[in-house]
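S.K.: Sequence:
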Amino acid sequence: MGKYVVYILECRDGTYYTGITNHLDKRLEKHQAGKGAKYTRGRTPVQLRYLEWVENKSEALQREYKIKKMSRYKKQILIKSLGVLQNGYTITK
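Take the sequence shown: its letters are residues 1071 to 1163, numbered as in our numbering.
One thing to keep in mind: the hints can contain errors.
Stated by the list, open to error - Now the in silico label distances, taken between C-beta atoms and shown as ranges:
(1) LEU1148 with TYR1109: 15 to 21 Å
(2) TYR1143 with LYS1073: 29 to 35 Å
(3) GLN1132 with HIS1093: 15 to 21 Å
(4) GLU1125 with GLY1104: 28 to 34 Å
(5) LEU1152 with GLY1104: 25 to 31 Å
(6) SER1141 with LYS1096: 15 to 21 Å
(7) LYS1100 with ILE1147: 24 to 30 Å
(8) GLU1125 with ARG1082: 30 to 36 Å
(9) LYS1096 with LEU1131: 17 to 23 Å
What the hints assert, rightly or not - Taking lysine to aspartate or glutamate pairs in the EDC-like style, the calculated list, with each CA pair at most 20 Å apart, reads:
(10) LYS1073 with GLU1122
(11) LYS1150 with GLU1122
(12) LYS1073 with GLU1134
(13) LYS1100 with GLU1134
(14) LYS1144 with ASP1083
(15) LYS1105 with GLU1125
(16) LYS1073 with GLU1129
(17) LYS1073 with GLU1125
(18) LYS1108 with ASP1095
(19) LYS1145 with GLU1134
(20) LYS1144 with ASP1095
(21) LYS1145 with GLU1129
(22) LYS1105 with ASP1095
If you are wondering where the hints come from, they were derived from the structure by calculation, not from laboratory data. Each residue gets a CB set at the ideal place from its N, CA and C atoms; glycine is no exception.
Let's have the full structure, built from the sequences with the hints guiding it.
M.R.: See below:
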């Protein structure tokens, strides 16, 4: 398992937020509490839809950038193809 996680959240309004962290549980708690990224603050509750472990922050930032450039449709394909169960985190669809 890598040290950083690239993740996709689905916000209450149906939009997606992509981020990175090295402490997933803490980061998800912050998002749910409205203390995470500005984008998610008014869009709680959020649901974890996808996660991907990478080795370091540089890889995480590169992957985050690629995902953020994807269309909504491509993000949905990514979520559906890989968003089932990873490393003890159940991803709901």
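S.K.: Tell me if the straight-line CA distance from LYS1073 to GLU1125 falls inside 20 Å.
M.R.: holds, 5 Å
S.K.: For the pair we were handed, LYS1073 and GLU1122, check the Cα-Cα distance against 20 Å.
M.R.: holds, 10 Å
S.K.: Could you grab the alpha-carbon distance between LYS1073 and GLU1129 and see if it respects the 20 Å cut-off?
M.R.: With Cα atoms ~10 Å apart, LYS1073 and GLU1129 stay inside 20 Å; holds.
S.K.: Does the Cβ-Cβ separation between TYR1143 and LYS1073 fall within 29 to 35 Å?
M.R.: Given about 30 Å between the Cβ atoms, the range holds.
S.K.: Given the hinted pair LYS1145 and GLU1134, is their alpha-carbon gap at most 20 Å?
M.R.: holds, 12 Å
S.K.: Starting from the range 15 to 21 Å, see whether the pair LEU1148 and TYR1109 falls in it by beta-carbon distance.
M.R.: Given about 19 Å between the Cβ atoms, the range holds.
S.K.: Kindly confirm whether 17 to 23 Å is satisfied by the beta carbon distance between LYS1096 and LEU1131.
M.R.: holds, 19 Å
S.K.: Taken at face value, is the distance from the CA of ASP1083 to the CA of LYS1144 at most 20 Å?
M.R.: Given that 20 Å is the threshold and the Cα spacing comes to 18 Å, the pair holds.
S.K.: Would the pair LYS1100 and GLU1134 pass a check requiring their Cα atoms to be no farther apart than 20 Å?
M.R.: holds, 19 Å
S.K.: Holds or violated: 25 to 31 Å for the Cβ distance of LEU1152 and GLY1104?
M.R.: Distance hint for LEU1152, GLY1104 holds at roughly 28 Å.
S.K.: Given the hinted pair LYS1108 and ASP1095, is their Cα-Cα distance within 20 Å?
M.R.: holds, 18 Å
S.K.: Under the criterion that the straight-line Cα-Cα distance not exceed 20 Å, is the pair LYS1150, GLU1122 satisfied?
M.R.: holds, 13 Å
In terms of the numbered hints stated before, the structure departs from hints 6, 15 and 20, listed from lowest to highest.
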